[in-house]
Amino acid sequence: MTDEMTKDPKQQITTDPSKPSERMRAGSMTITLGPWIIAGIALMLMPFIFTSNSALTIMNQMWITVIFALAYNMLLGQGGMLSFGHAVYMGLGGFFCMHIMNYVEDYGVAFPLPLLPLFGGLFGMGFAMLIGSFSTSGAGTRFAMISLGVGELIAACSVIIVAFFGGEEGISGDRTYGLPFFGVEFLKQIEVYYLISFWLMLSAALMYLFSRTPVGRMANAVRDNPERAQFLGYSARWVRFYSFCASGFFCGIAGGLFAISYEILTEENLNAASSGVILLVTFLGGVGFFFGPIIGAIAFTLLQTVLSLQTELWSIYAGALFLATVMFFPGGLAGLLMMHVPAFKLGKMSGLVVPYFKTLIPAAIGVLGICALIEMTFHFRHGATGDNEMTLFWTTFDSHSVLPWIIAIAVAAIGIGIAKMTAPEMKEAWDEANTAGGTS
Amino acid sequence: MSAPALELKGLKKSFGKAEIIRGIDLSIGKAERHAIIGPNGAGKSTLFNLITARFPPTAGTVKLHGEDLAGLEPYQINRKGLSRSFQITNIFPKMSVFENVRCALLWAQGYKYSFWNLVSRSRQLNEGADAILEQINLLERRDLAAGLLSYAEQRALEIGITIAGGADVIMLDEPTAGMSHSETDYITDLILKVTAGKTLIMVEHDMGVVFGLADRISVLVYGEIIATNTPELVRADPKVQEAYLGAALEAEH
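So the protein lines, in turn, are chains C and A.
For the first sequence, the numbering used here gives the first residue as 37, with consecutive numbering after it.
For the second sequence, the numbering used here gives the first residue as 67, with consecutive numbering after it.
Please note that the accuracy of each hint is not assured.
[Stated by the list, open to error] Partial pick of chain C residues on the chain A-facing surface, computed with a CB cut under 8 Å:
1. F246
2. T249
3. P250
4. M254
5. N256
6. A257
7. D260
8. E263
9. R264
10. F267
11. S271
12. W274
[What the hints assert, rightly or not] Restricting the straight-line Cα-Cα distance to at most 16 Å, the calculated cross-link-like pairs of lysine to aspartate or glutamate (EDC-like) are:
13. A/K160 with C/E263
14. A/K96 with A/D281
15. A/K160 with C/D260
16. A/K146 with A/D234
The set of hints was computed from the structure by calculation and includes no laboratory data.
Computed from a predicted structure; not experimentally measured.
Using N, Cα and C, we set each Cβ at its ideal position, and we do this for glycine too.
Could you build the full structure based on these sequences and the hints that come with them?
Here it is, written out as structure tokens:
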């Protein structure tokens with residue numbers, strides 16, 4: 037990252053101000069359509085690649101989480117506000133949509149289902165306006181505590197205000213009673229998939245554009261230095277308030293889509309655990325880049341759905357991954373990717389491939405060894421008595437015999453050992469790849 | 067006669083029992099370059115903070131172009147055409163240099179809290195930001211994160227942000243603090259250039275800068291102004307020499 041600094045050290049004061057090449061790069065904010073078109077096409081084609089119903093369900097969940105995470109990052113990444121109760125805005129939007137759905141069913145109102153998320157969004161935004169009116173006066177601990185308090189309050193209300201939240205069993209409905217939308221009644225999963233995809237593209241584009249508006253830019257400024265922003269004519273509080281409302285709107289849309297997709301909402305959609313998950317997802321993906329939460333949501337949903345089919349302990353691995361991200365890659369997965377941009381621009385990515393293989397593959401094998409140890413310990417301690425057989429990595433063995441343990445320990449130790457040995461080499465290659473000039 | 071650009075009357079500030087500003091009356095005319103000097107702890111920065119409503123005053127009034135600023139928030143005062151820099155560099159470190167300046171232009175160009183305009187689409191905004199960058203010689207650094215700039219560059223950026231909004235009263239708090247000689251000369255020239263025709267109020271320690279820039283000087287000692295006059299007369303004032311300037315001048319020569 038600091039590479040640009042070292043290129044021409046300390047002659048900044050006498051730089052030539054009228055370099056045309058520099059002026060042409062005015063488009064640091066140019067909106068490029070490429071990634072959006074690719075994303076749109078990918079969304080259209082995904083169901084043809086992953087055709088099973090369960091894959092569709094996973095993708096639906098994934099895209100809803102993407103919207104939610106992007107909305108959350110409007111606060112965390114772009115506005116510098118750490119919310120511990122953001123599930124509330126998605127959940128309330130969802131509950132509201134569910135009520136509309138039931139109303140449509142009961143009274144036979146002509147209402148096209150695809151519009152439903154918009155109402156979830158408006159409800160989410162309305163609630164955000166209410167809470168934001170007093171919570172956005174600061175961004176620090178006070179904001180975080182209020183968000184946590186409001187989150188707990190609403191979650192508690194869900195068992196008290198039964199008429200709206202449906203008590204412990206929540207409320208459910210049926211999405212198919214809406215006005216057929218060009219003949220589509222949303223009976224099939226695939227129809228819902230395209231509905232969600234449409235809202236995903238629309239919401240993501242709008243959120244991206246929001247970050248490019250004056251108030252979106254000032255959200256960054258207030259995040260970096262609220263006091264300075266005040267001396268530029270902007271009230272930090274109002275800037276935060278607008279971000280907060282916008283975030284609430286898109287959370288509500290995610291909630292509406294959740295209502296359509298699952299046809300049930302419960303207290304679980306509002307509680308602190310759900311709020312925690314979205315923080316985790318967003319941070320895992322990386323708060324510093326717009327696309328970070330997208331990666332985070334995809335990665336986390338895969339962990340949650342695919343890995344949870346393989347092991348009961350999936351949340352341990354998700355937690356470990358989160359911890360590792362916080363400790364070693366605070367930029368998240370997106371930051372990890374973007375770290376490679378300078379090397380890529382210098383055309384030196386190829387120099388990294390071999391060292392990466394030499395270090396990361398043994399490291400991955402070592403980690404799998406450790407995972408095997410964790411799984412075996414779990415099986416050893418919690419397996420039913422007499423049931424000593426377990427299957428791991430397509431191998432069935434006796435978790436009470438010594439040999440598998442020795443193998444697992446050896447794999448872990450050797451894998452990590454090799455990775456440690458080759459790590460300096462990788463570091464060297466990394467430095468080389470990020471230095472301009474020299475051999476390439 | 068029109069009202070002075072900035073007028074202070076009986077301004078006081080206490081923190082608990084400690085009286086930091088002990089009754090200041092000062093009138094600064096339009097397009098005047100006014101320097102406030104004084105020994106450490108005299109209350110110079112506090113005075114700045116009172117004028118810009120970073121702290122509320124204990125007593126007294128601050129008038130900008132004849133208008134009382136009592137009860138206004140910093141952002142409201144800024145909108146009235148008063149802009150300031152800070153003693154400790156106060157920029158947006160994670161945003162690009164260009165972005166820093168562009169944000170400083172937003173309110174002045176009437177965007178307010180707009181979420182229906184795209185900043186990249188406004189030619190006036192982007193060219194305006196580039197023009198400021200050109201003025202402060204940071205065009206080459208425009209896409210770099212502001213936090214990565216050198217100290218002198220960050221100070222220049224700070225001044226750029228301060229003047230970008232087109233405020234007609236500019237307050238600079240020790241713009242050359244911690245700079246080398248060549249950097250100080252550079253910043254002094256920069257200040258002269260960007261504040262032409264504007265009212266400038268600056269706190270400064272470097273006597274070379276002060277005597278080079280200021281039309282009038284106020285000497286602040288223990289929360290009171292003991293003299294306000296042209297540089298020559300301030301230099302000759304025995305009271306000032308006794309309190310402060312003598313030692314500083316000796317160090318200078």
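Outcome of the hint check:
1. F246: Because about 6 Å separates C/F246 from the closest Cβ in chain A, which is inside the 8 Å limit, the hint holds.
2. T249: holds, 5 Å
3. P250: holds, 4 Å
4. M254: holds, 6 Å
5. N256: For C/N256, the interface hint holds, since the closest Cβ of chain A sits about 6 Å away, which is under 8 Å.
6. A257: Holds: closest Cβ of chain A sits about 5 Å from C/A257, inside 8 Å.
7. D260: Interface hint status for C/D260: holds (4 Å vs cutoff 8 Å).
8. E263: OK, holds: C/E263 within 8 Å of chain A, min 7 Å.
9. R264: Result: holds, 5 Å to nearest chain A Cβ.
10. F267: Holds - the Cβ of C/F267 comes within 8 Å of chain A, reaching about 5 Å at its closest.
11. S271: Since the shortest Cβ distance to chain A is 5 Å, the answer is holds.
12. W274: holds, 6 Å
13. A/K160 with C/E263: Distance ~15 Å between A/K160 and C/E263 Cα, so the pair holds.
14. A/K96 with A/D281: With Cα atoms ~12 Å apart, A/K96 and A/D281 stay inside 16 Å; holds.
15. A/K160 with C/D260: The given pair, whose Cα atoms are some 7 Å apart, holds under the 16 Å limit.
16. A/K146 with A/D234: Distance of about 9 Å is within 16 Å: holds.
Checked against the numbered hints above, the structure breaks none of them.
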